[in-house]
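*Asks:* The hints should help you fit chains B and C with the ligand onto chain A, whose structure is shown.
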Amino acid sequence: MANTHSDHPAHLQHHFVSSEQQFDAAKMGMWLFLVTEILLFSGMFVAYTVYRSWHPEVFVLSSELLNPWLGGLNTIVLLASSFTVALGIHFAQVNNKKGLVINLVLTFLFALTFLVVKYFEYTAKFEHGIFPGAAFDPHGVSHGVDYAMYNVPYARQFFSIYFVMTGIHGVHVLVGMGLFTWITIRAIKGEFSSEYYTPVENCGLYWHLVDIIWIFLFPLLYLI
Amino acid sequence: MSESASGPINYLSHDKSIKSWLLTLDHKRIGIMYLIAVSIAFLAGGILALLVRVELMAPGETIMSADAYNQAFTLHAVLMIFTFIIPAVPAVMGNFVLPLQLGAKDVAFPRLNLASFYIYLLGACVALGALVVGRVDGGWTFYTPYSTSVGDGILYITTGVFIMGFSSILTGLNFIVTIHKMRAPGLTWNRLPLFIWSIYATSIVQVLATPVIGITMVLLFLEKFLHIGIFDPALGGDPVLFQHFFWFYSHPAVYIMILPAFGIISDLMGTFSRHQVAGYKFVALSSVAIAFLGFLVWGHHMFVSGQSAISSTIFSLITYLIGIPTAVKVINWVATMYKGSVQLKTPMLYAIAFLFTFSIGGFTGIMLGVLAIDIHLHDTYFVVAHFHYVMMGGNVIAALGGLHYWWPKMTGRMFNEKLGKLAAALVFIGFNLTFFPQFIMGAQGMPRRYYDYLPEFQSYHLWSTYGSWVLGVGLFLILGYLIASLINGKKAGPNPWGALTLEWTHTTTPPHPHNFTETPIVTRGAYDFHLAKDLFAKGGEVSEVPSSAK
Amino acid sequence: MSHVEHHVSSIKLLTTVFGGLVFLTVFTVLTAQLDLGPLNVPLALLIATTKAALVVIIFMALKWDNKVNTAIFGIGVLFVFVFISFTLFDTLFRGDLTNTVEGTIQDQMIQEEAMKAREPASDAIQFNRTPQ
Ligand SMILES: [Cu+2]
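Protein chains in written order, with our numbering: chain A, 1339 to 1562; chain B, 10 to 559; chain C, 19 to 150.
Among the hints, a few may not be true.
Stated by the list, open to error - Below, computed lysine to any residue pairings styled on SDA-like, alpha-carbon distance capped at 20 Å:
| no. | chain 1 | residue 1 | chain 2 | residue 2 |
| --- | --- | --- | --- | --- |
| 1 | C | Lys30 | A | Ile1414 |
| 2 | C | Lys85 | A | Trp1520 |
| 3 | A | Lys1527 | A | Thr1461 |
| 4 | A | Lys1435 | C | Ser28 |
| 5 | B | Lys25 | B | Leu44 |
| 6 | A | Lys1435 | C | His25 |
| 7 | C | Lys30 | A | Leu1444 |
| 8 | C | Lys85 | A | Gln1360 |
| 9 | A | Lys1456 | A | Met1515 |
Read the hints as simulated data drawn from the structure, not as lab findings. Since the structure is predicted, the reported quantities are computational estimates derived from the model, not experimental observations.
Only chain A is shown next, with the shape it has when bound in the complex:
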């Protein structure tokens, strides 16, 4: 480990001995951060499990109001964005700058698509008085669905959990879009190569986790 200052790569911070040590440390830090994210969401999964176990019929009934085709579409959009991130890292590893940038931009666009679909889902709910909390008051008829029928005890809990879960997930998607903007700019500047692509890899890990959370939210809220 005989490092003199002259052969330090530009990205190597002074308190690390080698690029390898820096890379491993950053990645381990990222995995620990992902664990904190998992535990953050766990609280909502606990709330979901407890209320579902207490009122299963209400949860089955309420989930009918969520459109599984839109949810399914969004699932595929997010999976595609995960795929493009994985491709992006692949291209970074083989020093293909163009491939990296294209895939990062695609990821950003998929994330945007996800939020647009989510926006339409939310507004459709709001129109019929389905809000989180005190304003919850389903009413009106559309596509042959009489919303007033769904105004049953504990339906409010289902939709509170739905809005809180998807809301916090949506905030994570927004943060991810910010991260990908930053990473794309750095990629265009040519800061990444097979020697150094830690930020791409770590943003990718974050994004995959956002995807995984959705993989569970989708069946729990829309399907069952």
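*Replies:* Frame of chain A, contents of chains B and C with the ligand only:
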């Protein structure tokens, strides 16, 4: 090594501008900044505690109204728990000592480290906003539905706690990675100082538990302002579910508070007994065992909440299990003293005091974990006394020991040893005088959190208040002579205690800005005094940095 | 300076996994439309877990990563299960004490006095609290 007229450059002297402190990435300076912030929080929380004790000297209103009393004890708890004890040992001593003990130049993520300090400050300020804007008087546990039905002050406290949680997570994450990736060559897991092991266990708890208080605070916030109906029984929610959420974090959080204290005590026991810490591996792994078991017992706070009997039974049984790794530690510390030759320096006095006070705190904790006894003692002063015996008798006394132990390394000055011993005695006597009577009156039925009480409890309350004054005098004495030592204290050598861990054997006092001028190579365990004859050739006192460090 | 080669996943592998994920998504939406009785929930969760596992192992490259990171992830998942299962120990068995008496202690004292006086219970005694 570059020398100036005033000796070798060190982390305090190499750049004295305010900016160089506020924007520093040096773990040692961040540790010192945390020390100052945390001391202010302790002072504020301590003054509130003294006021609470004065109010309780006599039944009825003494110096404040019932309303003011409720706010005072709530703020005392919030300040002491979230702004003082949680960051006290990990963020102050962990930051200063951990990279030094590992032989690293810094923590793995220095910028994150600085960020965590400012996030802590921000969170503390937001939480204190509650003081100015609204009233918070429901205790630090924020139980629903009370917390969601009164005042807006809760808004600030929950936001503040949420923000400070990030700071705690970032510190823990940083330390875990540092311990895994930044150890000096030769520093295997079996050679790590036990302080590192306990900080490691603490960090695991910080990373795993803190996010849950984050989401709990978010849900509480939404419950209050949107009425989402998860915790509020009037809307079909379940207040006991809130208690599950809260204690999933807050029981492990008491291990964030006590595990680092264990680490300090282990280091003090080894160093001042001049002996390998007995059962090193057991002491090390018991920290990790406590960290994991600590996640399985939260329901012991909820025996009278109406949770199911089966879960109370499970939580109670697992609570007993925690006694095992804890006893492993205490027994090994006593064995270390028995086998070694004990030097009664000030830090060691705190370690010995800890053995008494923590053992009382631990045993009464097991008592409270017994279902039938807890029904009787729940929400009485017995719980208050138990909690303070663990938190103050455990964490604060150990932290004081650690502060005295590392003070020469941090500042380059020795404190007055005679005053140190006097203050240690005052703290020990004052502490016991304050809290032991609370066990008795608690067992007799004095409920906690009331500003008024039946006259038959007055003598206990009087003793308790007198004790708080002795304790206060002791703590102010410490503040006084530590500040005095900065001005006229004797210059400290690199290793005044004759310790074997890297921060003493391989750095100057105070340390170089980059800690080590040359990466240390470790060849023995942290307490292998029998392998360190070279250091003690001149009769036990070590005054020079060994040549390998120069 | 020694440099350890990082694993590079081939485009073919990534595409195959993506195809599998899309297939599983369509599959879970379709099976959810059928009424499988009690099997709907476990099937949906099984499919979701499979998808998550594919993402973690291949996309997040945990298969080729440092074992410490696998351990970290595993511990995180483990504690989610601890949180859920220990909370369920309570919520699924609420009110499981069998030797409890309805009404408060005060109610019982009133009842006792009433019985001592050998009079029928007054209107003040109302045992209308129902266990949850
Ligand atoms: Cu506890």
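*Asks:* Look at each hint and say if it fits the structure.
*Replies:* Verification of the hints:
1. C:Lys30 with A:Ile1414: holds, 19 Å
2. C:Lys85 with A:Trp1520: With a Cα-Cα distance of about 30 Å, the restraint between Lys85 of chain C and Trp1520 of chain A is violated, given a limit of 20 Å.
3. A:Lys1527 with A:Thr1461: violated, 39 Å
4. A:Lys1435 with C:Ser28: It holds: about 17 Å lies between the C-alpha atoms, which stays within 20 Å.
5. B:Lys25 with B:Leu44: holds, 18 Å
6. A:Lys1435 with C:His25: holds, 18 Å
7. C:Lys30 with A:Leu1444: Since the Cα atoms of Lys30 of chain C and Leu1444 of chain A sit roughly 19 Å apart, the hinted pair holds (cutoff 20 Å).
8. C:Lys85 with A:Gln1360: With Cα atoms ~17 Å apart, Lys85 of chain C and Gln1360 of chain A stay inside 20 Å; holds.
9. A:Lys1456 with A:Met1515: holds, 15 Å
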